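Chemist: One-letter residues, chain by chain:
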Amino acid sequence: MKYVDEYRDPALALALVERISRRLRRPWVLMEVCGGQTHTLMRYGIDELLPPEIELVHGPGCPVCVTPLEMIDRAIQIAALPGVILVSYGDMLRVPGSQSDLLKTKASGADVRVAYSPMDAVKIARAHPDRQVVFFGVGFETTAPANAMAVWEARRQGLKNFSMIVSHVLVPPAMQLILQSSANRVQGFIAPGHVCTVMGFHEYEELANQFHVPIVVGGFEPLDLLEAIHMLVVQLEEGRADLENQYARSVNREGNLSAQALLREVFEVSDRKWRGIGPIAQSGYRLREEYAAFDAGRIFGLRDVEAEEPQECISALVLQGLKKPLDCPAFGKRCTPMKPLGAPMVSAEGACAAYYQYKWQPREELTVQHA
Amino acid sequence: MPDAFTPDTIDSDATAPDRTRERATFLCPSPLPAGNKILLGHGSGGRLSAELLRDVFLPLFSNPVLDRLDDQAVVELGGMRLAFTTDTFVVRPLFFPGGDIGSLAVHGTVNDLAMSGAQPLFLSAAFLLEEGLEMETLRRVAGSMAEAARTSGVAIVTGDTKVVEKGKGDGLFITTTGIGLVPGNVAMSANGARPGDRILLSGPIGDHGIAILATREGLEFEAEIVSDSAPLHGLVAAMLKASPAIRCMRDPTRGGLASALHEIAAQSRVSVQLQESAIPIRDGVKSVCELLGLDPLYVANEGKLVAIVPAEAADAVLDAMRMHPLGCEATVIGSVGSGRAGEVTMKTPFGSTRIVGLLAGDQLPRIC
Numbered sequence: 001m002k003y004v005d006e007y008r009d010p011a012l013a014l015a016l017v018e019r020i021s022r023r024l025r026r027p028w029v030l031m032e033v034c035g036g037q038t039h040t041l042m043r044y045g046i047d048e049l050l051p052p053e054i055e056l057v058h059g060p061g062c063p064v065c066v067t068p069l070e071m072i073d074r075a076i077q078i079a080a081l082p083g084v085i086l087v088s089y090g091d092m093l094r095v096p097g098s099q100s101d102l103l104k105t106k107a108s109g110a111d112v113r114v115a116y117s118p119m120d121a122v123k124i125a126r127a128h129p130d131r132q133v134v135f136f137g138v139g140f141e142t143t144a145p146a147n148a149m150a151v152w153e154a155r156r157q158g159l160k161n162f163s164m165i166v167s168h169v170l171v172p173p174a175m176q177l178i179l180q181s182s183a184n185r186v187q188g189f190i191a192p193g194h195v196c197t198v199m200g201f202h203e204y205e206e207l208a209n210q211f212h213v214p215i216v217v218g219g220f221e222p223l224d225l226l227e228a229i230h231m232l233v234v235q236l237e238e239g240r241a242d243l244e245n246q247y248a249r250s251v252n253r254e255g256n257l258s259a260q261a262l263l264r265e266v267f268e269v270s271d272r273k274w275r276g277i278g279p280i281a282q283s284g285y286r287l288r289e290e291y292a293a294f295d296a297g298r299i300f301g302l303r304d305v306e307a308e309e310p311q312e313c314i315s316a317l318v319l320q321g322l323k324k325p326l327d328c329p330a331f332g333k334r335c336t337p338m339k340p341l342g343a344p345m346v347s348a349e350g351a352c353a354a355y356y357q358y359k360w361q362p363r364e365e366l367t368v369q370h371a
Numbered sequence: 001m002p003d004a005f006t007p008d009t010i011d012s013d014a015t016a017p018d019r020t021r022e023r024a025t026f027l028c029p030s031p032l033p034a035g036n037k038i039l040l041g042h043g044s045g046g047r048l049s050a051e052l053l054r055d056v057f058l059p060l061f062s063n064p065v066l067d068r069l070d071d072q073a074v075v076e077l078g079g080m081r082l083a084f085t086t087d088t089f090v091v092r093p094l095f096f097p098g099g100d101i102g103s104l105a106v107h108g109t110v111n112d113l114a115m116s117g118a119q120p121l122f123l124s125a126a127f128l129l130e131e132g133l134e135m136e137t138l139r140r141v142a143g144s145m146a147e148a149a150r151t152s153g154v155a156i157v158t159g160d161t162k163v164v165e166k167g168k169g170d171g172l173f174i175t176t177t178g179i180g181l182v183p184g185n186v187a188m189s190a191n192g193a194r195p196g197d198r199i200l201l202s203g204p205i206g207d208h209g210i211a212i213l214a215t216r217e218g219l220e221f222e223a224e225i226v227s228d229s230a231p232l233h234g235l236v237a238a239m240l241k242a243s244p245a246i247r248c249m250r251d252p253t254r255g256g257l258a259s260a261l262h263e264i265a266a267q268s269r270v271s272v273q274l275q276e277s278a279i280p281i282r283d284g285v286k287s288v289c290e291l292l293g294l295d296p297l298y299v300a301n302e303g304k305l306v307a308i309v310p311a312e313a314a315d316a317v318l319d320a321m322r323m324h325p326l327g328c329e330a331t332v333i334g335s336v337g338s339g340r341a342g343e344v345t346m347k348t349p350f351g352s353t354r355i356v357g358l359l360a361g362d363q364l365p366r367i368c
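Read top to bottom, the protein sequences are chains V and L. FYI, the numbering for the first sequence is 1 to 371, going by this note's numbering. FYI, the numbering for the second sequence is 1 to 368, going by this note's numbering.
Accuracy of the hints is not assured; some may be wrong.
[To be verified] Have a look at the derived ranges for each label pair, beta carbon to beta carbon:
hint : chain 1 : residue 1 : chain 2 : residue 2 : range
1    : V       : 25        : L       : 218       : 53 to 63 Å
2    : V       : 47        : L       : 275       : 15 to 25 Å
3    : V       : 308       : L       : 36        : 19 to 29 Å
4    : V       : 308       : L       : 134       : 48 to 58 Å
5    : V       : 333       : L       : 275       : 29 to 39 Å
6    : L       : 167       : V       : 292       : 32 to 42 Å
7    : L       : 269       : V       : 333       : 14 to 24 Å
8    : L       : 328       : V       : 10        : 24 to 34 Å
9    : V       : 82        : L       : 36        : 19 to 29 Å
10   : L       : 218       : V       : 5         : 19 to 29 Å
11   : V       : 82        : L       : 168       : 15 to 25 Å
12   : V       : 311       : L       : 167       : 43 to 53 Å
13   : L       : 219       : V       : 258       : 18 to 28 Å
[What the hints assert, rightly or not] In silico EDC-like cross-links for lysine to aspartate or glutamate, where the CA-CA straight-line distance does not exceed 16 Å:
hint : chain 1 : residue 1 : chain 2 : residue 2
14   : V       : 273       : V       : 73
15   : V       : 2         : L       : 290
16   : L       : 168       : L       : 130
17   : V       : 273       : V       : 308
18   : L       : 286       : V       : 5
19   : L       : 347       : V       : 9
20   : V       : 323       : V       : 55
21   : L       : 168       : L       : 131
22   : V       : 106       : V       : 73
23   : L       : 347       : V       : 48
24   : L       : 286       : L       : 276
25   : L       : 37        : V       : 101
26   : L       : 286       : L       : 224
27   : V       : 339       : V       : 312
28   : V       : 324       : V       : 47
29   : V       : 339       : L       : 51
30   : L       : 347       : V       : 47
31   : L       : 241       : L       : 315
32   : V       : 323       : V       : 312
33   : L       : 37        : L       : 51
34   : V       : 359       : L       : 343
35   : L       : 162       : L       : 130
36   : V       : 273       : V       : 306
37   : L       : 286       : V       : 6
38   : V       : 324       : V       : 55
39   : V       : 160       : V       : 130
40   : V       : 123       : L       : 217
Don't read these hints as lab results, they were simulated from the structure. Here the structure is a predicted model, which means the values were calculated and not measured. Every residue gets a Cβ at the ideal spot worked out from N, C-alpha and C, and that includes glycine.
In isolation and in its complexed conformation, chain L is listed as follows:
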């Protein structure tokens, strides 16, 4: 889902064109089946998030750019194609193995731009601080943002700070907005997948979500699980150089790989079949998932991408990925089919086939 219209940003400066505002008076958002209040699950990237978009935001904001529902908007401006996106970061704990909320806020927005093939250029940063936050914490986070921006080759060129009363926030929230330029020969979109295409994954899934969870729950393992948070535009450029025919890319953040593939399958009106044994998952991640009853297919990543590639270009793109440090464990995990539109299935190692559903909300740990 595009992060561009989360509830956090809707109230502030999202100015709709007049045309849309007029339309809003005639369109009434239908009541949410989930009830009349926002639940945590509405921010999970699963079914409830999709309902929120469908029932609240899209009827009011609809326009040709938004309706593509990519992770970023690509708009033509003065002969150039500008990629534009925004994302709010509410991670807890603020610091975790492999990163912190600051580096995440840079990488997340850089990656949303990168998934359109854009070269990320400029970021804004808005800080929502809670009264009483340690100044040293803010300094550390800002320092980490500066470092992440430097290594990603982007500049933070504008920003904003607001402070809310103690108890009205959770320490520190960050919103970053980014713009970048899309090269002329690149046209990737979630509706571009075609039957026969291959599905390429850049590396093991679940590292970020499980690193956060393990830190939050105080779970310790022989080998520390480290977030994969990283800027992906270098990898994307290398892949596009190998073949500009790549149909689309997604970074499977909240909602995980399963949710990202559901979006692509639904928007391209195709089916997706995965090979369970081909999907790389590190042992530590597997262990935590087993322990807590979670499915790694739905766990967040912050430094991985999934790409839909025409079969004839798959080898070249895979080779290019494996040459890049962030894609050295890249692999083909499945293919696009002409089955029921929007359906994601998985071939198990036992030769049987099962459905990969769309989660209603957040994954909840089981009883036993």
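Extracted from the complex, chain V is given alone in its bound form:
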């Protein structure tokens, strides 16, 4: 496949590993921020190829994982109301709230649909003027412009039956939280390439300067990640702390200006709770007052649901890179992708789910017993 296979070439990958090894003088702890990057590292076993001096810890960049339980409960409540069509990205459907999940709500008769784009939800709203169509808008800066576009378009078309549950989160405040923590071990970051495609990388320049930490904007293919790791190692060994851009085929400093303009038009920055981490100031988006008519929370006037995370789950530590999934006593036993206790086991891109899917050997496979 053109423009993909080139970035998965085993010979080039091994050559990069060799270059990384030659540069290394000391051990380093690096974090890949985005869940898509974690997924690639695990899928190709890149962590096994790297010299042992490089420790990779996995960041909070999995949008499904960090969506708070209350938001999922709220979506389930709305989906269960008569006359509602709830539209969501596919991987939100299996995420358990405190009582149920959207797939089970659907099985109980709710009209829950999967979309590949929030604009599909706008189309559904136009086709069903007698129903209330609600889009479950989650994600980082990557998916935010499409969601903003859906709200903007719904207003332009004068739709009265379209609204959105907005649960958007922003990457830089989460990185800042990690860097400010006294327990922080991360010495270099691979910044999320798709987020930077939209937002540019000036926010990450500020982080690199403020905390004197090297940051490399990285892509999602094996060679992207190895090259980003190499760039970080070179910086660390030279004692530099700069922002560098590995993913230059997609990212520039300014980012996508028209997408950013649309974001400013529809959303405003607000405090946001992150599943597994807790509230982070100014770390998310909410709809601007001018777009309040499209805010599902207001339309349906839902009571605030409080949901408690299971005590045993160490996801806060995993999401901040302080612990690895295999450090958790519940991993693979009481916590699996089928019955996740916490955020990182929930989506395929969560660190725990990636370990479970690709790495974890001693498990009890479900085999159909001969009766």
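Got chain V; can you put chain L on it based on the hints?
Modeler: Only chain L this time, still in chain V's reference frame:
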């Protein structure tokens, strides 16, 4: 999993022998961890389907034939070995590049018979129609079934039609049941794999599932992705002629190649190791999978088979496959090992090894 006991067929005419019925009064199906309602994932061929079998159907229906859990039952009758299977088809859209629900309903059942080495002979066809379905649609589908049956060399010898009220069905569902004869020297079963055996795949994976998805989602590509729906018994006969020692075969339909190999590994109490770079996948299929965040290992095929073959017979069987039009892209994709029973692993092109898990339910497209 055997398609013989899907929820669709359980309520109608599946008559259990008295022995089983007596037992049923003492065995209570354990509650499903998935909850107390059927989810779409229970029909996906993954972990939830396996749980449904284990927790609901097997405790009630258990008998030596069913307990083998092959894609078809093979029963001795009057000195002959009869292969017997049934399958329900609920595909949407009804028409897609490379086939339609009618040809699929014939090929699917023919292939389930073929995986036992049987020569498929007779099919039944039951139609569940929704009030308001266009007559022309039904004619097209029936015509396609007739054509598929003719080219597969089977006869549709009995059938049934039911109509449900508008809104109570999805246009058209078809159930086909098939019988065939297994040659005397053939004994393939999912519990036959042994360490050292080779794993042979008849061609690129994912074509059917992605053709359906691309049609449903309106995704367009330079080269159209066409379903691989085809009857495989000719290929199977050619392979068995090359070596009757083949341990077992599966057509990796719903749940894909990964699920089929999981079943074999679990039932043979062996491990399976695959070579990622050896598994053929067409570019178009790869592109859609990349775009939607799907793994082609779990995507359905309707004209491919995977065979477990003793190492010494692998070359002969592979040659025979490649001589056949439906196996011309056949290749060895891995081997059977003596690691943890039921475990499927894959060697990546980078030399690392990863687990190939069993999906909980349907694959769901990711957010980003």
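Chemist: Each hint: holds or not?
Modeler: Right, here's what the structure says about each hint:
The given range of 53 to 63 Å is respected by residue 25(V) and residue 218(L), whose C-beta atoms sit roughly 54 Å from each other. Look at residue 47(V) against residue 275(L): about 21 Å separates their beta carbons, and that is inside 15 to 25 Å. Under the hint 19 to 29 Å, the C-beta atoms of residue 308(V) and residue 36(L), about 23 Å apart, fit the expected range. One distance hint, 48 to 58 Å for the beta-carbon pair residue 308(V) and residue 134(L), holds here, with the actual separation near 53 Å.
The supplied range of 29 to 39 Å is met by residue 333(V) and residue 275(L), whose beta-carbon atoms lie about 31 Å from each other. In this structure the supplied range 32 to 42 Å holds for residue 167(L) paired with residue 292(V), their Cβ-Cβ distance being about 36 Å. Remark: the range hint 14 to 24 Å for residue 269(L) to residue 333(V) is upheld by a beta-carbon distance near 23 Å. In this structure, residue 328(L) and residue 10(V) meet the distance hint of 24 to 34 Å, their C-beta atoms being roughly 27 Å apart.
At about 22 Å, the beta-carbon gap between residue 82(V) and residue 36(L) stays in the expected band of 19 to 29 Å. Look at residue 218(L) against residue 5(V): about 26 Å separates their beta carbons, and that is inside 19 to 29 Å. Our hint of 15 to 25 Å for residue 82(V) and residue 168(L) holds, since their Cβ atoms are close to 20 Å apart. Distance hint check: the CB atoms of residue 311(V) and residue 167(L) are about 46 Å apart, consistent with the given range 43 to 53 Å.
For the hinted restraint 18 to 28 Å between residue 219(L) and residue 258(V), the CB-CB distance of approximately 25 Å keeps it satisfied. At most 16 Å may separate the alpha-carbon atoms for a hinted pair to count; residue 273(V) and residue 73(V) meet this at roughly 14 Å. Restraint check: the Cα-Cα separation between residue 2(V) and residue 290(L) comes to about 12 Å, which is no more than 16 Å; the hinted pair holds. The suggested pairing of residue 168(L) with residue 130(L) holds, with an alpha-carbon distance near 7 Å, which does not exceed 16 Å.
As the CA atoms of residue 273(V) and residue 308(V) are separated by approximately 13 Å, the hinted pair is consistent with the 16 Å bound. With a C-alpha separation of about 11 Å, the suggested pair residue 286(L) and residue 5(V) falls inside the 16 Å cut-off, and the hint holds. As the CA atoms of residue 347(L) and residue 9(V) are separated by approximately 15 Å, the hinted pair is consistent with the 16 Å bound. Distance restraint check for residue 323(V) and residue 55(V): the Cα-Cα separation of roughly 12 Å lies within the 16 Å cut-off, and the hinted pair is therefore satisfied.
About 9 Å separates the Cα atoms of residue 168(L) and residue 131(L), which keeps this hinted pair within 16 Å; it holds. Among the hinted pairs, residue 106(V) with residue 73(V) is consistent with the structure: their alpha-carbon atoms are about 14 Å apart, no more than 16 Å. With a CA separation close to 13 Å, the supplied pair residue 347(L) and residue 48(V) stays within the 16 Å bound. With a C-alpha separation of about 13 Å, the suggested pair residue 286(L) and residue 276(L) falls inside the 16 Å cut-off, and the hint holds.
A C-alpha spacing of about 12 Å is found between residue 37(L) and residue 101(V), which places the hinted pair at or below 16 Å, so the restraint holds. As the CA atoms of residue 286(L) and residue 224(L) are separated by approximately 13 Å, the hinted pair is consistent with the 16 Å bound. For the given pair, residue 339(V) sits about 14 Å from residue 312(V) by alpha-carbon distance, which is consistent with the 16 Å threshold. Only pairs whose Cα atoms come within 16 Å are accepted, and residue 324(V) paired with residue 47(V) is accepted, the gap being roughly 13 Å.
Between the alpha carbons of residue 339(V) and residue 51(L) the distance comes to roughly 14 Å, so the proposed pair stays at or under 16 Å and holds. Taking the CA atoms of residue 347(L) and residue 47(V), the gap is about 15 Å. The hint holds against a cut of 16 Å. The straight-line distance between the Cα atoms of residue 241(L) and residue 315(L) is roughly 13 Å, inside the 16 Å bound, and the hint therefore holds. Of the supplied pair hints, the one linking residue 323(V) and residue 312(V) holds, its CA atoms being roughly 14 Å apart against a limit of 16 Å.
For a cut-off of 16 Å, the pair hint linking residue 37(L) to residue 51(L) stands: about 13 Å separates their Cα positions. For the suggested pair residue 359(V) and residue 343(L), the alpha carbons sit about 12 Å apart, so the restraint of at most 16 Å is met. For the hint pairing residue 162(L) with residue 130(L), the CA-to-CA distance comes to about 9 Å; that is within 16 Å, so the pair holds. At roughly 12 Å between alpha-carbon atoms, residue 273(V) and residue 306(V) fall within 16 Å of each other, so this suggested pair holds.
Simply put, residue 286(L) and residue 6(V) have alpha-carbon atoms about 14 Å apart, close enough for the 16 Å limit, and the pair holds. With a CA separation close to 11 Å, the supplied pair residue 324(V) and residue 55(V) stays within the 16 Å bound. Of the pairs offered as hints, the one joining residue 160(V) and residue 130(V) holds, with about 10 Å between alpha carbons and a cut-off of 16 Å not exceeded. At roughly 14 Å between alpha-carbon atoms, residue 123(V) and residue 217(L) fall within 16 Å of each other, so this suggested pair holds.
Checked against the numbered hints above, the structure violates none of them.
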